[in-house]
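Novice: Sequence:
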Amino acid sequence: MNLLSPCSVNPASLPSALAIFVACAHQMLDPATPEAVRRDMEPRLLAQLPKLRALGVFELFELRHPALRAWLADELEGMDAAAAPAR
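For the sequence shown, this note's numbering gives the first residue as 30, with consecutive numbering after it.
Some clues are possibly wrong.
Stated by the list, open to error - Beta-carbon label-pair distances, calculated as ranges:
id: 1; residue 1: 55; residue 2: 115; range: 36 to 44 Å
id: 2; residue 1: 89; residue 2: 65; range: 32 to 40 Å
id: 3; residue 1: 69; residue 2: 114; range: 32 to 40 Å
id: 4; residue 1: 62; residue 2: 99; range: 15 to 23 Å
It should be emphasised that the hints constitute simulated quantities derived from the structure, not laboratory data.
The beta-carbon is built from N, C-alpha and C at its ideal position, and this holds for glycine as well.
Sequences and hints are given; from them, build the entire structure.
Specialist: This is the structure in structure tokens:
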């Protein structure tokens with residue numbers, strides 16, 4: 030019995046999305062990173078969230094940095110609210 034179901038998302042998108050996410054997160058968390066560079070990293074990091082979420086990355090892993098975890102939780106919640114059908 031195979032417990033794994035086929036992935037409906039392009040597996041080739043994981044390495045680049047994950048690599049971009051990790052690189053941006055590292056730069057954003059580095060105290061030596063200038064504020065202007067940090068602001069440039071935000072949209073690049075956020076652009077990876079839908080891909081990583083579709084692949085289930087956030088169901089498997091938890092971010093350890095409290096501020097980054099809280100910020101991304103807010104962003105993911107906002108994505109959910111925007112995708113929810115209007116009542």
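Novice: Does the Cβ distance between residue 69 and residue 114 fall inside 32 to 40 Å?
Specialist: 34 Å, holds
Novice: The hint says 15 to 23 Å between residue 62 and residue 99; measuring C-beta to C-beta, is that right?
Specialist: 19 Å, holds
Novice: Against the range 36 to 44 Å, how does the distance between the Cβ atoms of residue 55 and residue 115 compare: consistent or not?
Specialist: Holds - the Cβ-Cβ distance for residue 55 and residue 115, about 38 Å, lies within 36 to 44 Å.
Novice: If you check the beta carbons of residue 89 and residue 65, does the distance land in 32 to 40 Å?
Specialist: Cβ of residue 89 to Cβ of residue 65: about 33 Å, so the range 32 to 40 Å holds.
Checked against the numbered hints above, the structure breaks none of them.
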